[in-house]
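Student: Residues per chain, in single letters:
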Amino acid sequence: MDANRFDRLQALFHEALEHPPEARAAFLDAACAGDPDLRAAVERLLAADAAPDPWFDAPPDVVPDPPDGSAWVGRTVGPYRIERLLGQGGMGAVYLARREDVGLVVALKLVRGDLAAPGHRERLLRERRVLARLHHPHIARLYDAGVADDGTPYFAMEYVDGEDLTTYCDRRRLSVEERLALFEAAGRAVQHAHAHFIVHRDLKPSNILVADGPDGRPVLKLLDFGIARVLAEDEADGPAALTATGARVLTPAYAAPEQIEGAGVTAATDVYALGVVLYELLTGRRPCEVSGPARLSAVLTQPPKKPSTVVTTGTTTVPVAAARRATPERLQRRLAGDLDVICLKALAKEPERRYASAEAFVEDIRRHLAGLPVQARPDTAAYRVRKFVQRHRLGVGVTAVFLAVLTAVVTLYTLRLQAEREATAREAARSAQVTAFLIDLFREADPNQALGDTLDAYEILARGVERLRAGEMADDPATRASIEDAVSQIYLRLGRFDVAETLAEEALRTRQALYGRLHPDVAASLARLAEVRQRRAALPEADSLLREALAITEATRGKRHPDWVAYANTRGQVLREQGRYDEAEAVLREALATGLAVHGRFHEAVAFSYDELARVLKERGDYEAALSLNAEALAIVSEHFGPHDPRQAVYLDNRGSLYFNMGQDSLAEVFHRQALAAYRATLGEDHPNVAVSYTNIAAALQNQGRLEEAIELYRNALAILHKVHRGPHTTVASVLYNLGNALRAVGRTAEAEPVFREVLAIDRALLGEQHVNVGLDLHVLAGVLREQGDYAAALPVHRQALAVLEAALPAGHRQVGHARTGYGITLLLSGDAAAAERELRRGVATLEAAYEAGHWSLAEARGWLGACLTQRGALDEAEALLTTAYEHLREARGADDRYTRQVAGQLAALYEARGQARRAATYRAAAGG
Amino acid sequence: MREQETVTRLLHDLRGGRREAFHELLPQVYGELRRIARGYLRHERAGHTFHTTDLVHEAFLKLVDLNRIDWVDRAHFFAVASRAMRQVLVSHARRQQAAKRGGGAPVVTLTEVPGGEPFEQHVEDLLALDGALEQLQALNPRHVRVVECRFFAGLTVEETAAALDISPVTVTRDWRMARAWLKDYLGR
Chain A
26 MDANRFDRLQ ALFHEALEHP PEARAAFLDA ACAGDPDLRA AVERLLAADA
76 APDPWFDAPP DVVPDPPDGS AWVGRTVGPY RIERLLGQGG MGAVYLARRE
126 DVGLVVALKL VRGDLAAPGH RERLLRERRV LARLHHPHIA RLYDAGVADD
176 GTPYFAMEYV DGEDLTTYCD RRRLSVEERL ALFEAAGRAV QHAHAHFIVH
226 RDLKPSNILV ADGPDGRPVL KLLDFGIARV LAEDEADGPA ALTATGARVL
276 TPAYAAPEQI EGAGVTAATD VYALGVVLYE LLTGRRPCEV SGPARLSAVL
326 TQPPKKPSTV VTTGTTTVPV AAARRATPER LQRRLAGDLD VICLKALAKE
376 PERRYASAEA FVEDIRRHLA GLPVQARPDT AAYRVRKFVQ RHRLGVGVTA
426 VFLAVLTAVV TLYTLRLQAE REATAREAAR SAQVTAFLID LFREADPNQA
476 LGDTLDAYEI LARGVERLRA GEMADDPATR ASIEDAVSQI YLRLGRFDVA
526 ETLAEEALRT RQALYGRLHP DVAASLARLA EVRQRRAALP EADSLLREAL
576 AITEATRGKR HPDWVAYANT RGQVLREQGR YDEAEAVLRE ALATGLAVHG
626 RFHEAVAFSY DELARVLKER GDYEAALSLN AEALAIVSEH FGPHDPRQAV
676 YLDNRGSLYF NMGQDSLAEV FHRQALAAYR ATLGEDHPNV AVSYTNIAAA
726 LQNQGRLEEA IELYRNALAI LHKVHRGPHT TVASVLYNLG NALRAVGRTA
776 EAEPVFREVL AIDRALLGEQ HVNVGLDLHV LAGVLREQGD YAAALPVHRQ
826 ALAVLEAALP AGHRQVGHAR TGYGITLLLS GDAAAAEREL RRGVATLEAA
876 YEAGHWSLAE ARGWLGACLT QRGALDEAEA LLTTAYEHLR EARGADDRYT
926 RQVAGQLAAL YEARGQARRA ATYRAAAGG
Chain B
165 MREQETVTRL LHDLRGGRRE AFHELLPQVY GELRRIARGY LRHERAGHTF
215 HTTDLVHEAF LKLVDLNRID WVDRAHFFAV ASRAMRQVLV SHARRQQAAK
265 RGGGAPVVTL TEVPGGEPFE QHVEDLLALD GALEQLQALN PRHVRVVECR
315 FFAGLTVEET AAALDISPVT VTRDWRMARA WLKDYLGR
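Protein sequence lines correspond, in order, to chains A and B.
So the first sequence is numbered by the working numbering: it starts at 26 and just counts up by one.
So the second sequence is numbered by the working numbering: it starts at 165 and just counts up by one.
None of these hints come from the bench; they were simulated from the model.
A couple of the hints might just be wrong.
Stated by the list, open to error - With a straight-line cut-off of 20 Å between C-alpha atoms, the simulated SDA-like cross-links for lysine to any residue are:
1) B/Lys347 <-> A/Ala75
2) A/Lys331 <-> A/Lys374
3) A/Lys370 <-> A/Thr352
4) A/Lys748 <-> A/Ala786
5) B/Lys347 <-> A/Ala28
6) B/Lys347 <-> A/Leu394
7) B/Lys347 <-> A/Asp78
8) B/Lys347 <-> A/Asp74
9) A/Lys374 <-> B/Leu225
Claimed, not checked - Label pairs and their computed distance ranges (CB to CB):
10) B/Glu298 <-> A/Pro77: 23 to 31 Å
11) A/Ala347 <-> B/Arg173: 51 to 59 Å
12) B/Arg258 <-> A/Pro328: 40 to 48 Å
Computed from a predicted structure; not experimentally measured.
Every residue, glycine too, gets a C-beta built ideally from N, C-alpha and C.
Next comes chain A alone, as it looks inside the complex (with noise of 0.2 Å):
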């Protein structure tokens, strides 16, 4: 063959293999006509080509023949003679050996010959000396260094028989904290080197031997310390130099970027090292994997992964995580956060900007294993709180909530301290304050401060609260009113209303002895006492504070400004509670086209104001444009925070409550489920926003007619609920008062008396004898106690429902018509069907005003009037109430319903009063029994 031969042969080749497989017969039929040898060796070439060859697709690797270290064994080196090889490294060979004069073994380090610099030999005596100084349990002392007769160089160490770190760790499957724990004895040897201006320069986990002590427990030994420096090349003068240049004994892998470069050696090389073994014993791996010449610019410029994100890509994830005791999931878990950034900050390029001493690095993993904050990270407060939570993760109450709204608030604050830093230094001194203050409580709260486990974040706060009324900050009043407005935030959210509102108060009054009426922060302690009389379910006085703090802002600061923004939306939710639609929806809009106009399109508040307007527009019964507008509300907060952020589970949520209003309880299950994810993904298993989600869930369940399932969620929900709140707590009491219905509806009344009798004294507890809640709490209680047949119970709670809605709510209102209703049912099941007239008369004329017509709720109170005038012998009255309200029913929710039977029930009683008794059959029949 020649060259022109071979160009054709390789033009064919490349051709040949731009056609599919298939077709190149023909093609090469067509090429190589009249040259059978050509389109033979093409064909040849095809086949190589496709064939797999490992052997030639690798680069060929370099290894040593097999150690049989014959070369040395029994031979004499100095005092020492060899009795066998243990092992050998990139630095030379190292042999067990006896000095036998006084009968000391050692492990004897040969090293490798070309490493063996002109000049070493002197340097190596200077070196002895200082390095035999260095004692430590976890280093492995050199007792004596020296030359042998053929100038290879050999150190005598301490014999330790064990295994290299990563091997004993991955053989004993150890945990990540206890592969922790070993790191950090070896970071404490490193650091005590350092102490005595000992840099290792060649720190990798075969250097890092791990054996079973007496005990049973590990015991670990640094090897080879200071053998790199004693065979650098341009030893910089003197002992205690802790710098040398020019030293290239290296092991690639573990090298620093300043040993590549060739630039100054330091004890941040070591800690970079160290950095290396640490992401190694996590992960399995080494922070750079680029392997050949490419890796010199991968360490010099490219940044390491977190070790969180590389344990769960590649092909052995499975046996890594399974080696520390774990799923590659879970190690992902425990991984990030903290080891992520401690790793990378130990594997900084920039030797300044790692840890400035092996000292730091492993006070660092110290105070990771103990649970505290650690230096690596910046000190933000949600950070603090996180460790705090996971400290206490046994003995905190309200972890979860707890975790959640402090970390809100003081981020809040701290941005707000970043802003304004561009505003006045006193301003930003003071919100910093204010932040420090809030993380103060949790610097107190650290185990080692002699506070210990017990603690729950309400003791915390309690003592804020106490250290500013015993005076704290009593001479600086702005920042002092600062943080009372944070605290009563925080227990605003952990919904203690009582303190909230007294801080609220106090926060107040000190501002507007401040500054008068026209200052923002007048503005913002209005707007926070509003939210904590909304929750108190005050709705005109919080509604009344908002405008003040509205005229404020827009006085102050103007109309465009985020504060605007936000009162207003405040403002529209309080106005929807209160059934002002109207007004709510016109202030909403408003809202959001400030709020699109401050902010654009994708924050937060314009989210809120979406939401809140598609509120108002379910309570009007528009379903299609508030889901619309919801839609609007999720789509923002989807792109701007992310598809799994808590913020759109909120709207999730509401989304299932739009489609729960439609009576789509499918769909309305559909979306509240995935609230439900969304939340256990990123706010866990513990927290009362999941079990809101279990909540809503069963209340889809509920009306799917699906019961059973849902008491079980509602338990679920009151189990976490239980565990987050101590005391009494609203949430917990709607979702009782949810868990009370669905046992009622399944005949299971016995079980749901001490369910409403709970859900009474929670909401009197926290709202007050007189709450209208605490009436229809009573209502409902009694309405139990009948369908106990306990009459005599009944009735005097009936009468204390009546005395409570009737003073809470205005005359006329439907719930007052209720109450009576009920009233009336048991008065004329307990015999007193005179009573009972009056009461059903009165009860149902309130429900006439309060529905429409053919209402199955007024349906089923005009019943009981039938089922009353039937008893009392006004048969035609009866008739005509009852035909009706079977008619009603049976449209509104079909033959069926139990409401319906029950009517038709009391038709059957009518008729066989009248003595109809084909009527009556029929009506029994429908009843159903």
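Here the structure of chain A is known, so what remains is to put chain B in place on it, guided by the hints.
Tutor: Chain B only, in chain A's frame:
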């Protein structure tokens, strides 16, 4: 350092178009590579393997003043080192073969690939490959350069392209052709 200065200067010459610099560099790089390979060899732990790329890498660190060269020079260095690596490996394989016949002490072996044949087989393969490359040299020298970079120094397509001043597409095409031709020639 004297050696570093020499190599760095020669790389500059090479870049300036003095092609003879390549042949002046070769012995320098070869010497260093052989020294490193031997050092590893004498003392390394059994079972540990060293990618040839690691050796080339280490030689680079030893021989080049990193502060004074840029990526073009670096690429040229790897072109030289790929050739040197081929020589190192082949020469060690020859000695290995000689040792089996009762010659001097064995020095270097090519590793067995996981699940592959014992390494003696690879010594034979390596020597055969060297012979095949001699043949290919006469047909298309550029293909041989590409094989040296890819196979002996483990360079990536991009690194090979930079080392040889050709496009990555050409590297890919040449490598595929050379690989098929060599396999066919060697009857693999």
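Student: Of the numbered hints stated previously, which ones are contradicted by the structure, given in increasing order?
Tutor: 3 and 6
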